[in-house]
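Chain B: place on chain A using the hints.
If you're matching them up, the sequences are chains A and B in order. Residues 105 to 395 (our numbering) are what the first sequence spells out, left to right. Residues 265 to 578 (our numbering) are what the second sequence spells out, left to right.
A hint or two may mislead.
No farther apart than 16 Å at their CA atoms in a straight line, the calculated lysine to aspartate or glutamate pairs in the EDC-like style are these [as the list claims (entries may be wrong)]:
#	chain 1	residue 1	chain 2	residue 2
1	A	Lys229	A	Asp201
2	A	Lys229	B	Glu302
3	A	Lys229	B	Asp380
4	A	Lys235	B	Glu302
5	A	Lys252	A	Glu363
6	A	Lys341	A	Glu363
7	A	Lys252	A	Asp201
8	A	Lys214	A	Glu232
9	A	Lys229	A	Asp211
I should point out that these hints are in silico values taken from the structure, not numbers from a laboratory.
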Amino acid sequence: MTVIEARNLRKAFGPTVAVDGVDLRVEEGRILGLIGPNGAGKTTVLNAILGLTQYQGELRVLGRDPWAERDQLMLDVAFVADVAVLPRWMRVSQALDYVSGVHPRFDRAKAEGFLAKTTIKRTSKVRELSKGMVAQLHLALLMAIDAKLLVLDEPTLGLDILYRKQFYDSLLNDYFDRSRTIVVTTHQVEEIQDVLTDLMFINRGRIVLRCSMEDFESRYLELMVLPEQLAAARALKPIHERQVLGRSLLLFDRVGRQELAALGDVRTPSIADLFVAVMGNPNGAAQGAAQ
Amino acid sequence: MTTPSNAVAGAPDSQRTAPAALSQTRLLYWSIRRELWENRSIYIAPLAVAAVGLLGFLIGLMGVSHSRHAQAASDEAHQQIMAAMPYAHAAWVLILTGFIVGVFYSLDALYGERRDRSILFWKSLPVSDLTTVVAKASIPLVVLPVLVFGVTVILQLLMLVLNTGVLLLSGKSVATMWNQLPLFQMELVLLYGLTVMALWHAPLYGWLLLVSGWARRATFLWAVFPLLAIGIFERIAFHTSYFTSLLSDRLYGFAMDAFSLRTPDGTPIDPHFIPLAQITPGKFLGTPGLWVGLVVAAACIAAAVRLRRYREPI
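Isolated chain A, as found in the complex (with noise of 0.2 Å):
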């Protein structure tokens, strides 16, 4: 089943374009990334699908226009847009009390155990807890949501590295299984590299590379090359260059593990190594997009 489709997806603020004819298609049970540096469209092209935002072209979620039927998408999908926008005034019953009161599949009894893992009273008002504990509650009224599409837009933004970790791994062992489809966007991409399936790179409001994680391991190596090798490696037509500690690390696209064997230690390269090669240069992004 597709989750959502949308196809050139076109958003301008003003004359500047946000989102420049997206083409973008989830299945479901897929956790696709989508990364890109800050003020590349990612967010609106969430709000977009969210329903919280007009748009150009056209865009199905679960089937439904979300600009048109907001209200009765959230039934079926969950987001967090930010961890800061749980009203402050609220207490943590009330929030428990109102998403129960308002969302039919919501399952207080599971937020309850979420929380009671946590250290956060009931009585507590959101005001009064800590950011990563605020981010704890959230987590913990999404999970409740038997929702079919989760969107997470820098849900880790500010947390220390514990809250971080542990957001991540209460997703993927409390709520993901393969009926759920989760879109994530984040800065700290290193953390979601084993979590995703899919991975988008987003730049000035179009899609520079799409690939599934299956693919990102079978098409990109990073060769770390032997001095002598340099010229022999350059030759295969690396996408990107650098310097670590005085040797060169080149990054490959569909070039033979055998052949760069050869060559020098290779491995698999983390996606910030590719977001960097493929941000860094028209070429490579090139490249990247025409698979």
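What follows is chain B alone, placed relative to chain A:
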């Protein structure tokens, strides 16, 4: 919980179907409850004013007895008014409190949630913009009038109990005071008056909600300044003041149409006690100003619903 989610979790592989959306009444109920959680001044302000009023009344009773004034008054109608006066004052202060709370609530209703970005949380739940804005509009139009009525009735009953107690302690007859005080009639007139006011002020609250959904800062200035500017412009350009009188009519013009403020023989009615016979709902319902106002209110609220859909956090 109406629909246990276990019922659908039983078939994880098959296409899960969302339970039918909750009833609109339920969504509205929770939306109003959440407004009361956030804006506790809606009920704290009238209660606090009532408490202060009751204390004042008690001190007044210790000093000069109202009933002595009433007995000293000449004719029966005058005695009735003297007896009703503190009760009427209490009601007026609470009506004014309700109005002020309603104005400031409306100005913040759609602005606050954008300022603190919590609108992103509210919008992540299956509640439509229409339901949300209707819930917010119902605070000044329904919730506050009902609250003011309830608090006033309780306050006046407590005042009556205190008054009776003081009279009994001082060994005076309570029968005169009870006979003179038309409390039941006053409550009916109060209920009528609050309804009439809410309907008459609806465009005012609608305008405030619209501004609060639109402005990016300084909602009070945006709400008041354009109206002042139009009034001043008209005064300078045409030497007239139609707009200003239109505004003041919108504030308290309902009294002329909702009540007959003169008896059939032409003597003016004392505003401390308006008898039930003097209400004129027919005349009020026949006033074009009422209907024009309601249309304006509906237009403002519709615009506020649209704005809530488009506006992003500030």
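| field | Which numbered hints fail | value | 4, 5, 7, 8, 9
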